[in-house]
Amino acid sequence: MPTERPLTGNMRADGEALDRDAYERAGGYRALHKALQSMTPEAVTDEVKASNLRGRGGAGFPTGLKWTFIPTKAPHPRYLVANADEMEPGTFKDRLLLEGDPHQLIEGMALAGYATGTDVAYIFLRGEYKLAARRIEKAIAEAYRAGYLGQDILGSGYSLEFYLHVSAGRYMCGEETGMLNALEGKRANPRAKPPFPPVSGLFGKPTTINNVETLCNVPHIINNGAAWFRSLSRSKDGGTKLYGASGKVKRPGIWELAMGTTIREILEEHAGGMRDGVRFRGLLPGGASTDFLVEQHLDVAMDFTEVQKAGSRLGTGTMIVLDDQTCPVGMVSNLEHFFAQESCGWCTPCWSGLGWVERILKAMEEGYGQPGDLDKLAFQTRFWALGHTFCALAPGAAEPLQSALKYFRADFERHIDEKRCPWK
Amino acid sequence: MLLPEERTEIEAEFPHYPNRKAICIDAMKIVQKHRGWVSDEALHDVGELLGMSDADLDGIATFYNLIFRRPVGRHVIYLCDSVSCWIMGADQQCRHASEQLGIQPGETTADGCFTLLPIVCLGACDHAPVMMIDDDMHLDLTPEKIDQILGGYK
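Line by line, the protein sequences give chains A and B. Taken in order, the first sequence gives residues 1 to 424; the numbers are from this note's numbering. Taken in order, the second sequence gives residues 1001 to 1154; the numbers are from this note's numbering.
Okay, chain A solo, but in the shape it has when bound (with noise of 0.2 Å):
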């Protein structure tokens, strides 16, 4: 039986956006007139809590506790700030959702106001996505001329007002404390916590922050139920996923997928195996910040935690495939330049450690690697644990490394030993 597809089945072949309409005749809005006039805003939550839903950014929180964190009695203004800075290298699923049904993310985030109490939601976009910048403005439009968003939504008394935020590049962005500093007109630096983000968080008020393929799924769980979300999926983290591709594979894509399908079957069923001529080595299985796994992990099933399990991280779910025909260190090079470029400069092990990593490597791939290399690489993976820095940049940035000395160390030392690079 082919997997039920909520967040994408109906989305549009030739590539355009659902307008109100085509969102409407597919269902859309059903689950937010359900909501306000049937449902209590715990009844809500309630349903998100059964429904196992774990958030989509990376980090896998469950979705429907994070909102009961906000307290009861917590001031106003509360905010709700959807995470759309896609930003994390290799991953391209929110863009998806966002160019193709911006609807279903504004019933998603209107669902999660209504369950916070959430008075202002804002759509943080990263600039690049120009279309999607496009598309969403146009969706809110139309959301709020149809009574979905603004004063007393749909006659329940409840009222969201509703922004779209472009940012202005930075990595840094999509950390969710930087993400409140940029939108309140400074820099992207994390933020000390506590306080929280639910306690205080932008311009000091309650705040909950959700990733975009997590808010979409909330309309889902509305319409049909828990129970119907967690069959979806065939581990315990409930629905679809949207897993990736990209790398030397035949036919690299996006496919939404039952949460906890295999590497091997995402692998050789969807994107087709690797390209004539190319060997697979390792991969990334959620972005750029997650550990690399090997062909002995192939039949690991992509969930939070069996990948955790394997020694790596589910991240955002889009692999990015290492062929025999490509330099692991070169690729872990790539890597680290880029986490390196991107530390705003905030904790010493971020700024200082990257940047000497990042020379390391770069001196390796150019034929002046040196003995004891590995151990100052090994040393610095060990410095950016969680713990020593306000965020998860250069945590992040150490999991690639990590993994790469482990599986590919023999690659580095020739490296080392050859004085060059052999794939050079």
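Some hints could be false.
With a cut-off of at most 27 Å between alpha-carbon atoms, the simulated BS3-like pairs for lysine-lysine come out as follows [said to hold, decoys possible]: (1) K1029/B with K130/A; (2) K186/A with K1154/B; (3) K362/A with K376/A.
In short, the hints are calculated from the structure, not lab data.
Given the coordinates of chain A, work out where chain B should sit on it, guided by the hints.
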């Protein structure tokens, strides 16, 4: 002096945020949309409107890579240099674009037509290597395709 349309567009953002300072990134982007970049004078004018010092605003402007504090060409080429595009040969595409334009990444052609900039992952990894010129994405790049695309801009 801010242009009347810049002022109108910036003021249209006021109701979206509880204070004026929060608008500063949008405001600088609006100015850049009209002038291509944010000059010292424009920065100062935005600061006057929002009640911010030049230094405060510049500290924010220079954090964000999509705000330009130097003039750029009529068209800005953003060539992805992140991991999926790198695996698919982004380095070669960058060298090719660089040679064709006669400039290094970060530079502007002498005729003021193009500025070439590296950019982080553009979120189209299934079509790597990719680039964006102004608002438009260009996918599955090859040297021939780059020549053809660049030929379409004046």
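Going through the hints against the structure:
1. K1029/B with K130/A: Distance ~13 Å between K1029/B and K130/A Cα, so the pair holds.
2. K186/A with K1154/B: violated, 36 Å
3. K362/A with K376/A: holds, 14 Å
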